[in-house]
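Trainee: Terminal number for the sequence shown in my numbering: 328, no gaps in between.
Think of the hints as simulated: they come from the structure by calculation, not from any bench. Since the structure is predicted, the reported quantities are computational estimates derived from the model, not experimental observations. Possibly wrong hints are sitting among the right ones.
Stated by the list, open to error - DEER-style ranges, computed between Cβ atoms: (1) T285 / P174: 52 to 60 Å; (2) V324 / L208: 23 to 31 Å; (3) K229 / I200: 43 to 51 Å; (4) L231 / F209: 28 to 36 Å.
Where a beta carbon is used, it is the ideal one built from N, C-alpha and C, also for glycine.
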Amino acid sequence: MKTLRAKGAVIFSLTLSIVPDIIIILLAINNFLENKMGMDGIIFSIVFAILFLLFGIYGGMRIYRTHWIQYGDGKVLIRRVSKELVNGRKVGKWENREDTFSLDDIEAYGLSWQALGHYVEHHRSSDASLTTECFFRLKNGKTIGYEVSYYIGKETDEFWRYIQDHTGLVFQKK
155 MKTLRAKGAV IFSLTLSIVP DIIIILLAIN NFLENKMGMD GIIFSIVFAI LFLLFGIYGG
215 MRIYRTHWIQ YGDGKVLIRR VSKELVNGRK VGKWENREDT FSLDDIEAYG LSWQALGHYV
275 EHHRSSDASL TTECFFRLKN GKTIGYEVSY YIGKETDEFW RYIQDHTGLV FQKK
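Work out the full structure, taking the sequences as your base and the hints as a guide.
Mentor: Pasting the structure below:
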């Protein structure tokens, strides 16, 4: 079985922390060179930048450890942390969810908002404008959602191609 890890979440979190770090350090160096800041200010800026970087690493690894997709041998396993959505509102606590299903059980799959007109689950990034949830609707009526932006595009395309090749179903975008 092949495993997709949430590498995209790590890359995104690191990017969000590295860019401000670079700006903070460059401003500190500039202020030091213009004699507006002493060595204490430089040390404070570097410590602050390191703490900011560690915060970014923590955020990305938190998602990386709890989100993955395994597929192969006619089965799919989706592991994620999410909240239920009832009438478009998040309900309850964060839950570790793990769903395993056969490729024969898939009725449809695609982008939740575009194909269904609503999201299926609430994910950690759902409050941001970057939400890109995908869904699997099974023949028993169950719908499973997962945040696709947590995964690298090439690996995701390979996963969708695997599903299409083995089920004949096309990824729904609209």
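Trainee: Is the hinted range of 52 to 60 Å satisfied by the C-beta distance from T285 to P174?
Mentor: Check failed, 23 Å falls outside 52 to 60 Å.
Trainee: Could you say whether the range 23 to 31 Å given as a hint is met by the Cβ separation of V324 and L208?
Mentor: violated (43 Å)
Trainee: Please test the hint of 43 to 51 Å on the beta carbon pair from K229 and I200.
Mentor: Cβ of K229 to Cβ of I200: about 49 Å, so the range 43 to 51 Å holds.
Trainee: Between L231 and F209, does the beta-carbon spacing fit 28 to 36 Å?
Mentor: holds (30 Å)
In the structure shown, a violation is registered for the earlier hints numbered 1, 2, in ascending order.
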